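Between the sequences and the hints, there should be enough to build the whole structure, so can you do that?
Just add 1321 to the spot in the sequence shown (first one is 1) and you have this note's numbering.
Just so you know, these hints were derived from the structure itself, not from any lab.
No false leads were mixed into what you were given.
The calculated lysine to aspartate or glutamate pairs, modelled on EDC-like cross-linking and capped at a C-alpha distance of 20 Å, are:
{"hint": "1", "residue 1": "LYS1412", "residue 2": "GLU1368"}
{"hint": "2", "residue 1": "LYS1397", "residue 2": "ASP1378"}
{"hint": "3", "residue 1": "LYS1418", "residue 2": "ASP1403"}
{"hint": "4", "residue 1": "LYS1397", "residue 2": "ASP1349"}
{"hint": "5", "residue 1": "LYS1418", "residue 2": "GLU1371"}
{"hint": "6", "residue 1": "LYS1351", "residue 2": "ASP1393"}
{"hint": "7", "residue 1": "LYS1397", "residue 2": "GLU1381"}
Model, not experiment: these values are computed from the prediction.
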Amino acid sequence: NEKWKQYWSWKANRNKVRGALEDAYGYDCKSATHLVRLVRMGKEILETGEVIVKRPDAQELLEIRNGAWTYDQLIKYAEHMDDHIRNVAYKNTDLRKKADIKYASKLLMEVQDLVWN
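Encoded structure:
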């Protein structure tokens, strides 16, 4: 299988520090950090309507990236957040459930005009 070969090629040639962390903790800590950040951002967006890019939890995310959480902690947290996002935050959000395609298209064209001019 070509995908299997690509995976092993990537794994053999990737960042050595990242590989060492995965070997030490049994999972990809960098991917775990992205998972935690993204579910937190999703929850924040649904609950506040705001996208917080400069993370107030940056230090904790760095700790997770360096193996502070066990795999079991990560999975338990991800499952809890998934449940909360699906069954609380999404159901109670003031955000639209469907995109306004006409508005998005108009905005895209305006941004393109700004960039191209």
